[in-house]
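Asker: Taken in sequence, the protein lines are chains A and B. Numbering-wise (my numbering), the first sequence opens with residue 1 and increments by one. Numbering-wise (my numbering), the second sequence opens with residue 1001 and increments by one.
Hints are not guaranteed to be accurate.
To be verified - Listed next, with one range per pair, are the computed distances between beta-carbon atoms:
1) B:F1051 x A:S132: 20 to 30 Å
2) A:I151 x B:R1235: 23 to 33 Å
3) B:I1012 x A:Y48: 57 to 67 Å
4) A:Y134 x B:S1220: 26 to 36 Å
5) B:I1012 x A:R287: 29 to 39 Å
6) B:F1051 x A:Y134: 39 to 49 Å
Since the hints were made in silico from the structure, they are not lab data. By construction, the Cβ of each residue, glycine as well, lies at the ideal position given by its N, Cα and C atoms.
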Amino acid sequence: MVNNLTYVQQKRILIILFLFVPLLLLCLFSLYPAVYLVYLSLMNWDGYSPVKTWAGFANYKDVFANKEIWQAFSHNFVYLGWGLLQNMLGLLFALMLNSRLRGRNAYRVFLFMPYIMNGVAVAYMFNYVFNSEYGSLNTLLHSVGLDSLAISWFGSPKIVNHVLGFITLWKFLGLNMVIYLAALQSVPADIIEAARIDGASRTQTVFRVVLPNMVRVIELNLFLTIIGTLEIFDLPFLLTKGGPLGASDTFLTKTVEMAFKFNNFGMASAMSLTLIAAVIVILSVQRMVTRRWSD
Amino acid sequence: MRFQPLSFLKHIMMWIAVAVIVFPPYVLVMNAFKDKKEFTQTSVFKLPASFLNFDNFIDVLQRAHLDKAYKNTITIIVIAVIGNILLGTMVAFVLGRFDFKLKKAVMGAYIAVSFVPTITTQVATFTVINNLHLYNTIWASIVLHFGTNVLQIFIYLQFIRNIPRELDEAAMMEGASLFRIYRTIIFPLLAPATATIAIIKTIDIYNDMFIPYLYMPSRSLVVVSTSLMNFSSERSTEWELMSAAILMIMVPIVVLYLFFQKYVFAGIVSGAVK
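Let the hints inform the model, and build the full structure from the sequences given.
Answerer: Dropping the structure here:
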């Protein structure tokens, strides 16, 4: 029967048939929630009452006036610092693995391993590492005589975000590295050879030839890192519950708290949109900077 | 052989990185095989008296309802991965082979939603799941993982571009329908991409904590992540048991990764670099 249709007709039917379910799912579970988020951010709503009242931009005003939220947001910058370090190390390790090195495949498989591990399991595993009484890190420090360094890692407000930031570096370094490695391998070998023949040193080749050829991938990795640091949620949620005294709250743990603990869904939605706006602003700035650098 | 200081330095740095990565799981392995008394009396770095003491693992299996968790997780993975493969190849076939008016809009929609952090839209997603009567059923997780995302479509599009259009044209000369071309030419030739996507999606779903935590609170619907969360809130101070529990959640996916790392890397590379 199908064969009686012309290819133009078949094409039209196939486009509708093949896109129907995927687009339905996309609309239901991604697009609609995103649009609904905008609507909710302009409403007062407790999450279960049938009545939503118009709030206008009051929720946004509340978000910007709330010191606690911006305090929490500032913690995201600690993660950003660790994220940048993670990128530098990722690039460094990728450069090493891109050169002739025995066992480089095994190293790559090892360094990437944390990325595929279950996040909940990783969180609790580090709970065990950094526990102040039984933790293996403090035990290690005591055993080598560095007792003064054995502190309460999750208990001190100044350290706690760095501990969590370190865990993100531990988990995501391999991802960065593998992406950088793939980019390095796609830099044409002949231009590197040409540079070497022209007398460029190893370092010169890296900084003048290899890295400028990877601008897009560096951009992509920074993009992933920045989004990741702005959206940190599961580690503080699982390990510290934002404590001690809110010292490890992040923008997103505050958002989720606002919605599911204080039942203030209007304000939680406004916070979400503020975060998305922040992502877009930061990315545009980053784009401008990297564009200038690559020219 | 000549001593090469640079290469030596590289190995040293690699070994430091590997040691930092291995340190936490190493401690888990050391302690998961100790009983309570042995755990409190020996150093956490000390080898257990016997690596054949599986009491902790058996204990965890029963008390954390891990059997149920594995079963639920596998069910979600099997159905959602099949969905991803079917829908992903279909979307990529249409976008990769045909020109039509809304093509850019479709691609744009997939890209746009990838900017929105999923955690932030859960309130709205929640109402959808609730209205479809999927709350507290295993289908909540399945439908939320069923659809494809922009990364998967990119991977499939990459591969479709490498399948010569002449194959399609030859089949058309023989009178094959477009659906038949999809089924007998495109779908089978996408197998390498499919392997990659299946592995990456499996890892994704296995590691997901948020969807089951929010949408499937019922005890009979635990998955591996939530079973560990429940177990931890009950026995977070029994480190030897927790060590065993964490290992039991971690090991299956690590084994899968070691077997299929080729496909994992292929996915990361074609998703990110090209």
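Asker: Each of the hints needs a verdict: does it hold here or not?
Answerer: Right, here's what the structure says about each hint:
| no. | hint | result |
| --- | --- | --- |
| 1 | B:F1051 x A:S132: 20 to 30 Å | holds (29 Å) |
| 2 | A:I151 x B:R1235: 23 to 33 Å | holds (26 Å) |
| 3 | B:I1012 x A:Y48: 57 to 67 Å | holds (59 Å) |
| 4 | A:Y134 x B:S1220: 26 to 36 Å | holds (33 Å) |
| 5 | B:I1012 x A:R287: 29 to 39 Å | holds (37 Å) |
| 6 | B:F1051 x A:Y134: 39 to 49 Å | violated (21 Å) |
The structure fails hint 6 only (numbered hints given earlier).
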